[in-house]
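Here the protein sequences come in this chain order: A and B.
Counting along the first sequence from 1, when you hit position 69 you're at 69 in this note's numbering, and nothing is skipped either side.
Counting along the second sequence from 1, when you hit position 135 you're at 135 in this note's numbering, and nothing is skipped either side.
Hints in this document: simulated from the structure, not taken from any laboratory.
Check each hint, because a few of them may be wrong.
To be verified - Listed below are the simulated SDA-like cross-link pairs for lysine to any residue, each with C-alpha atoms no more than 20 Å apart in a straight line:
#1 B/K72 - A/E133
#2 B/K27 - B/R115
#3 B/K72 - B/R165
#4 B/K72 - A/R136
#5 B/K51 - A/P126
#6 B/K42 - A/A155
#7 B/K81 - A/R136
#8 B/K123 - A/A155
#9 B/K51 - A/E129
#10 B/K122 - A/L157
#11 B/K81 - B/K138
#12 B/K81 - A/L137
#13 B/K51 - A/E133
#14 B/K71 - A/L137
#15 B/K123 - B/E93
#16 B/K71 - A/T153
#17 B/K27 - A/Q134
#18 B/K72 - A/H140
#19 B/K42 - B/G94
#20 B/K122 - A/Q134
#21 B/K109 - B/A147
#22 B/K123 - A/S158
#23 B/K51 - A/R130
#24 B/K123 - A/T153
#25 B/K123 - A/L154
#26 B/K81 - B/L140
#27 B/K71 - B/M55
#28 B/K27 - A/L137
#29 B/K72 - A/L137
To be verified - Listed next, with one range per pair, are the computed distances between beta-carbon atoms:
#30 B/A75 - A/A124: 22 to 30 Å
#31 B/I12 - A/A124: 50 to 58 Å
#32 B/E68 - A/A155: 32 to 40 Å
#33 B/E37 - A/P126: 34 to 42 Å
#34 B/S97 - A/P126: 37 to 45 Å
#35 A/P126 - B/G78: 20 to 28 Å
#36 A/V57 - B/K58: 52 to 60 Å
#37 A/A124 - B/E68: 19 to 27 Å
Ideal placement from N, C-alpha and C gives every residue a C-beta, glycine not left out.
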Amino acid sequence: MNHLDDELRVALRRKEPPAGFAERVLDRLPATPPGVVRFPSRRRHAPWMAVAAAALVTIAAGSVWLAMPRSAAPQPHEIANANVPPAPPVTPGPRPSAPSVESRVVQPPPKIVRIRHSAPRPAADPEAERAAEQLRLALHIASDKFNDAQRETLAALSEPTT
Amino acid sequence: MKTITKLVTLLILLGATSAVALAQGPKLRIDSLDRLEDKASKVVEVSLDEKLMGMAMKWLSSAATKDEDAKKALAIVGGIKEIYVRSFEFDSEGQYSLSDVDGLRSQVKGPGWSRLVGVRSKKTGENAEVYLLSQGDKVLGLAIIAADPKELTVVNIVGSIDVERLGDLDGELGIPRIELKRDHSDSGN
Numbered sequence: 001m002n003h004l005d006d007e008l009r010v011a012l013r014r015k016e017p018p019a020g021f022a023e024r025v026l027d028r029l030p031a032t033p034p035g036v037v038r039f040p041s042r043r044r045h046a047p048w049m050a051v052a053a054a055a056l057v058t059i060a061a062g063s064v065w066l067a068m069p070r071s072a073a074p075q076p077h078e079i080a081n082a083n084v085p086p087a088p089p090v091t092p093g094p095r096p097s098a099p100s101v102e103s104r105v106v107q108p109p110p111k112i113v114r115i116r117h118s119a120p121r122p123a124a125d126p127e128a129e130r131a132a133e134q135l136r137l138a139l140h141i142a143s144d145k146f147n148d149a150q151r152e153t154l155a156a157l158s159e160p161t162t
Numbered sequence: 001m002k003t004i005t006k007l008v009t010l011l012i013l014l015g016a017t018s019a020v021a022l023a024q025g026p027k028l029r030i031d032s033l034d035r036l037e038d039k040a041s042k043v044v045e046v047s048l049d050e051k052l053m054g055m056a057m058k059w060l061s062s063a064a065t066k067d068e069d070a071k072k073a074l075a076i077v078g079g080i081k082e083i084y085v086r087s088f089e090f091d092s093e094g095q096y097s098l099s100d101v102d103g104l105r106s107q108v109k110g111p112g113w114s115r116l117v118g119v120r121s122k123k124t125g126e127n128a129e130v131y132l133l134s135q136g137d138k139v140l141g142l143a144i145i146a147a148d149p150k151e152l153t154v155v156n157i158v159g160s161i162d163v164e165r166l167g168d169l170d171g172e173l174g175i176p177r178i179e180l181k182r183d184h185s186d187s188g189n
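Produce the entire structure from the sequences given, and follow the hints as far as they go.
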């Protein structure tokens, strides 16, 4: 039994690798390890491109906003200026006090009146609209026949009796 | 005893007749005229019961919110509950019988009905009658029967209406204002 132990101990003893073994192993390994993704190196001018893109978007948005037509309704300050009579020509002399105050009185902005070009349409209800049309027709016929009867009666009454 | 029995029988019959007349109410039976559709060249039929009248009045009211004249017109017709119209135009005379008209007239001769306007022209053959059903000062219904040689028109209105202003509705509420000129040259019989 001891003989067997000694043999196992000798067989399993640590042995130093031969010279150049590590180099030979590394040579056999692939250049790029599998599963490793190589990222491109960071470009030094990328931040500048982002800044430029942001500036471009801002300029474009600003130009679009400036190009939008302004509203037709005059602004309060515009109304005030429109109502103010043109300032008198500047002449040397004593400065008028009261007239300038009067001319600078800001008129209250006019009431904005919404003009409806047509009467507000009632809620869409085809059946009710049809019934309304039928009612109009019925009333027209009734009114027409009533007027006819009245007219005929008056004509009969106005005929001279012999 | 026999006299009393006769009187009681007469009263019962009178009461029954009145009850029938009142039970009929302002709505006339005009369905019998529907058989004239086949003979007529033009038929106008309008039947608006209480439900449809309500819808129509509501629609017209909402469409006339800013029109003062329309509001006044609505006030004239606001009490109408039902309205029925049958109008038949024929190409030739004699397409309907007098019994058709008499059947209508019998319905407006009951208690409560009174004739407002009645004119018959022997020259042109045109007849026009306007009947009103009232209970005291309250108008319950209106009937217009216009019987011309080539045209028969019946209008039955259930409910209250300002009769004096009925003829002023043309041009209001979208009702066309048309001046109809009677051509008496082809109807003189």
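Here is what the structure says about each hint:
no.: 1; hint: B/K72 - A/E133; in the structure: holds (18 Å)
no.: 2; hint: B/K27 - B/R115; in the structure: holds (16 Å)
no.: 3; hint: B/K72 - B/R165; in the structure: holds (10 Å)
no.: 4; hint: B/K72 - A/R136; in the structure: holds (15 Å)
no.: 5; hint: B/K51 - A/P126; in the structure: holds (15 Å)
no.: 6; hint: B/K42 - A/A155; in the structure: violated (28 Å)
no.: 7; hint: B/K81 - A/R136; in the structure: holds (14 Å)
no.: 8; hint: B/K123 - A/A155; in the structure: holds (13 Å)
no.: 9; hint: B/K51 - A/E129; in the structure: holds (13 Å)
no.: 10; hint: B/K122 - A/L157; in the structure: holds (15 Å)
no.: 11; hint: B/K81 - B/K138; in the structure: holds (14 Å)
no.: 12; hint: B/K81 - A/L137; in the structure: holds (16 Å)
no.: 13; hint: B/K51 - A/E133; in the structure: holds (15 Å)
no.: 14; hint: B/K71 - A/L137; in the structure: holds (18 Å)
no.: 15; hint: B/K123 - B/E93; in the structure: holds (15 Å)
no.: 16; hint: B/K71 - A/T153; in the structure: violated (30 Å)
no.: 17; hint: B/K27 - A/Q134; in the structure: holds (18 Å)
no.: 18; hint: B/K72 - A/H140; in the structure: holds (16 Å)
no.: 19; hint: B/K42 - B/G94; in the structure: holds (15 Å)
no.: 20; hint: B/K122 - A/Q134; in the structure: violated (33 Å)
no.: 21; hint: B/K109 - B/A147; in the structure: holds (17 Å)
no.: 22; hint: B/K123 - A/S158; in the structure: holds (16 Å)
no.: 23; hint: B/K51 - A/R130; in the structure: holds (13 Å)
no.: 24; hint: B/K123 - A/T153; in the structure: holds (14 Å)
no.: 25; hint: B/K123 - A/L154; in the structure: holds (16 Å)
no.: 26; hint: B/K81 - B/L140; in the structure: holds (10 Å)
no.: 27; hint: B/K71 - B/M55; in the structure: holds (16 Å)
no.: 28; hint: B/K27 - A/L137; in the structure: holds (19 Å)
no.: 29; hint: B/K72 - A/L137; in the structure: holds (18 Å)
no.: 30; hint: B/A75 - A/A124: 22 to 30 Å; in the structure: holds (26 Å)
no.: 31; hint: B/I12 - A/A124: 50 to 58 Å; in the structure: holds (56 Å)
no.: 32; hint: B/E68 - A/A155: 32 to 40 Å; in the structure: holds (33 Å)
no.: 33; hint: B/E37 - A/P126: 34 to 42 Å; in the structure: violated (26 Å)
no.: 34; hint: B/S97 - A/P126: 37 to 45 Å; in the structure: holds (39 Å)
no.: 35; hint: A/P126 - B/G78: 20 to 28 Å; in the structure: holds (23 Å)
no.: 36; hint: A/V57 - B/K58: 52 to 60 Å; in the structure: holds (54 Å)
no.: 37; hint: A/A124 - B/E68: 19 to 27 Å; in the structure: holds (25 Å)
The earlier numbered hints that this structure contradicts are 6, 16, 20, 33.
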